[in-house]
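Be aware that the sequence shown starts at -10, since it is given in this note's numbering, and climbs by one per residue.
A hint or two may mislead.
What the hints assert, rightly or not - Cβ-Cβ distance ranges computed for the label pairs, FRET-style:
(1) Gln13 <-> Pro72: 14 to 24 Å
(2) Pro72 <-> Glu44: 17 to 27 Å
(3) Gln(-8) <-> Ala46: 32 to 42 Å
(4) Pro6 <-> Pro72: 15 to 25 Å
(5) Asp61 <-> Val1: 16 to 26 Å
(6) Ser(-9) <-> Asp56: 13 to 23 Å
(7) Ile7 <-> Asp56: 13 to 23 Å
(8) Arg50 <-> Ile7: 39 to 49 Å
(9) Ala69 <-> Asp34: 22 to 32 Å
(10) Gln13 <-> Glu49: 15 to 25 Å
I should point out that these hints are in silico values taken from the structure, not numbers from a laboratory.
Using N, Cα and C, we set each Cβ at its ideal position, and we do this for glycine too.
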Amino acid sequence: MSQYTVLFDANVLYPAPIRDALMQLAVTDLFKAKWTADIHREWIDALQRNEPHRERAALERTRDLMDRATRDGLVTGYAALVPTLHCRTPTIDMFWWPQSLGAVTPS
């Protein structure tokens, strides 16, 4: 198992070719791929908004396959971290920051 952990944000899961390439690498254990239900929701909602012909059920099937293909890819339990975080740099995305902490914090 890899010592590296990578949090996939919605912007890399949205385009299918990038998502597919990253998943191919993730299943080789080159790194530990992580994401959250919120990240899944974000890329699926964006795809549906921008490409309304896509069926939500098909996108949710992709999500489910991703969750099953990786070891502990789905990060949970990070919401409690949000109120405790204080950021001096306003450019840090307060959405992904606690999720990334949850991705590397032992459960």
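Which hints from the list above does the structure break, by number from lowest to highest?
Hint check: 1, 2, 4, 8 fail, others pass.
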